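*Asks:* Letter by letter, the chains look like this.
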Amino acid sequence: MSEQLKEILSRVAGETLEKLAFMFSFPEDERGTMILDSAVAATISFAGPFSGTLVMTVSNQLLPELAANMLGVDDEETTLDQQHDALKETINIICGNLLPAIAGKEVVFNIDAPVIIAGVEAIKKAIEDHDNKPASIVKLNIEERDCDLFLFINGKFTLAS
Amino acid sequence: MTLNILIVDDSAVMRAMILKTMHMTDLPLGEIYQAANGQEGLDVLNQHWIDLVIADINMPVMNGEEMIDRMQENPDTKEIPIIVVSTEGSKTRIERLQYKGARFIHKPFSPEIIRDTVRDITGIGVSDE
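Residue numbers (numbering that gives the first Met the number 0), protein chains in the order written: chain E, 0 to 160; chain G, 0 to 128.
The hints are simulated quantities; they were obtained by calculation from the structure and are not laboratory data.
As the structure is a computational prediction, the values presented were derived from the model and not from experiment.
Take these hints with a grain of salt, some might be off.
To be verified - Derived CB-CB ranges, DEER-like:
(1) E:6 with G:109: 18 to 26 Å
(2) G:100 with E:47: 51 to 59 Å
(3) E:159 with G:59: 28 to 36 Å
(4) E:153 with G:102: 28 to 36 Å
(5) E:48 with G:105: 16 to 24 Å
(6) G:112 with E:115: 22 to 30 Å
(7) G:75 with E:129: 30 to 38 Å
Cβ atoms here follow ideal geometry from the backbone N, Cα and C, with glycine treated the same way.
Excised from the complex, chain E in its bound form (with noise of 0.2 Å):
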């Protein structure tokens, strides 16, 4: 079931960002754990039949890129409030489009409004510091740039067929 999932996320997440963003992403599982000096994090809670927390974390590079893809615009246009914003909006779709993926469409979770994490020992916190390990790590390469997903799910779950 764990392949099936970092398989659902990783398609969830590259195609979030292809039509959000016109981004281009791609797995890089063997990459080990970005360096998170030069990273911002996004999370995001759920709650529903389970609930749960989606972290991710991207280098400080692919902000200004992403939010200039999604505005339309030139990289040095862009405010860090509107990277911040962008890096939100991206989190919070990649979360409402997993949720039915995982579950189906015919349950209804609750989403809280994504949180930007910064620094290192506050993106550590969010990464680590859950009752359970991820459900699901996805690490990928976005235009040159790093960005990793994790996923925590409590209690028990069941992919919908």
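Once you have looked at the hints, place chain G on chain E.
*Replies:* Chain G alone, transformed into the frame defined by chain E:
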């Protein structure tokens, strides 16, 4: 006729994306207003003539579904067409919004989906095809 449009989303980037998408279509756009939550959206509706509302659902202060309910309680706003643009994946919730008269577009969206849905719900531009 031009369309005065209200875009309601707590993400300024998403509002800008929807606006950019609207400009990519050949729809006759009038004034475009923006709001960051349902309450701000209702305030704009009280102050300006709006032909179409494009709204998210999950927003702070007042969510999109409550805004739609409040619009439908008001004789001045109950006939305004509404398009919900959201990540919502629950069939139950989507059907509830559709029962309230809203059209639903799933994020992420394509410009064509926005254009076709706006044309369909307003009737503008359909006869030109």
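*Asks:* Look at each hint and say if it fits the structure.
*Replies:* We went through each hint and held it up to the structure:
Residue 6 (chain E) and residue 109 (chain G) have their C-beta atoms about 24 Å apart, which keeps the hinted 18 to 26 Å range intact. Checked against the given bound of 51 to 59 Å, the beta carbons of residue 100 (chain G) and residue 47 (chain E), roughly 26 Å apart, lie outside it. Checked against the hint of 28 to 36 Å, the pair residue 159 (chain E) and residue 59 (chain G) passes, with Cβ atoms roughly 30 Å apart. Hint check: residue 153 (chain E) to residue 102 (chain G), Cβ distance near 35 Å, so the stated range 28 to 36 Å holds.
For residue 48 (chain E) and residue 105 (chain G), the Cβ-Cβ distance of about 21 Å falls inside the hinted range of 16 to 24 Å, so the restraint holds. In this structure, residue 112 (chain G) and residue 115 (chain E) meet the distance hint of 22 to 30 Å, their C-beta atoms being roughly 29 Å apart. Our hint of 30 to 38 Å for residue 75 (chain G) and residue 129 (chain E) is violated, since their Cβ atoms are close to 49 Å apart.
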